[in-house]
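Colleague: Sequence:
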Amino acid sequence: MKFKLFVFAVLMSGSVFAQEMGFGCFGLVGGFVGYGVQQYTPGGINAYINDVNEFNKGVINVPLSDFKQMQGFRVGANVFRNNYSGFIITAKGFYQLMSEKQEVRFNDAVLPTIHSFEMRVKEFAIGLDLGMEISKKFHWKVLDLTLMYNIYQFKTQSNSVKGIVEAATYQNPEVNIEYTLGTGFVYYVVEKYISVEGSFGITSLTANTLRESSGNYLKLLSSSKVVGSAIQSGGLSALIQLNISLPM
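Letter by letter, the sequence shown follows residues 1 to 248 in our numbering.
Certain hints may be false.
Claimed, not checked - Using 20 Å as the maximum straight-line C-alpha spacing, the simulated PhoX-like pairs for lysine-lysine come out as follows:
| hint | residue 1 | residue 2 |
| --- | --- | --- |
| 1 | Lys101 | Lys192 |
| 2 | Lys219 | Lys155 |
| 3 | Lys101 | Lys219 |
| 4 | Lys162 | Lys122 |
| 5 | Lys101 | Lys137 |
| 6 | Lys136 | Lys68 |
The hints are simulated quantities; they were obtained by calculation from the structure and are not laboratory data.
Please put together the full structure from these sequences, using the hints given.
Modeller: Have a look at this one:
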């Protein structure tokens, strides 16, 4: 009998605790989808792009521009959120894919081709927010910290009327753990259940050499020199996302 009372008490306390948290068993489960932009300085990639322009200047009418800003979507979940007397702590996890792409036409007399160049970053991340409740509808995210495991890819491809002529995907061989430090807000459209969230911050991004799975490194066309410092640094980032919490 005592054991049954103990189990009942544990279940009831777990239920109350989970509802106070706002997420999890017996409470609310929260997911989100967002869209963001990311500034960065890809020194090595831009050196490669400038080399492509110079090496093929006889067949290019409009040269490629420097890469400088990626954009893309993220999906994730708020796995913990609790309000401590107006101070709000949130833990989250998400996957994000961002990219920047350019195309250029090579006006070759024998076989004209379209060449595309795309920089991509796949992010697997965990984050922690520390916020304040300004009002029931508006929360200020005082500190928004995210740690990311990043996979960088640089894709090159040339196409003609006959199909794909050549394609390659270069990737960073080393593990990249990076971060975003920022601030933001949460505005509740429907109390507890639907909110719009915005974040602004500084993101660290770095990648040195990039290579194919076969082991071939990304090299300049003019000199066959291996491209180094592919991405020198990150920069400003901004995100808008929709949070939805459902009772479970």
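Colleague: State for each hint whether it applies.
Modeller: So, going through the hints one by one against the coordinates:
As the CA atoms of Lys101 and Lys192 are separated by approximately 38 Å, the hinted pair breaks the 20 Å bound. The straight-line distance between the Cα atoms of Lys219 and Lys155 is roughly 13 Å, inside the 20 Å bound, and the hint therefore holds. Among the hinted pairs, Lys101 with Lys219 is consistent with the structure: their alpha-carbon atoms are about 19 Å apart, no more than 20 Å. The suggested pairing of Lys162 with Lys122 is violated, with an alpha-carbon distance near 31 Å, which exceeds 20 Å.
At roughly 38 Å between alpha-carbon atoms, Lys101 and Lys137 are farther apart than 20 Å, so this suggested pair is violated. At roughly 38 Å between alpha-carbon atoms, Lys136 and Lys68 are farther apart than 20 Å, so this suggested pair is violated.
Hint check: violations occur at hints 1, 4, 5 and 6; the rest are consistent with the structure.
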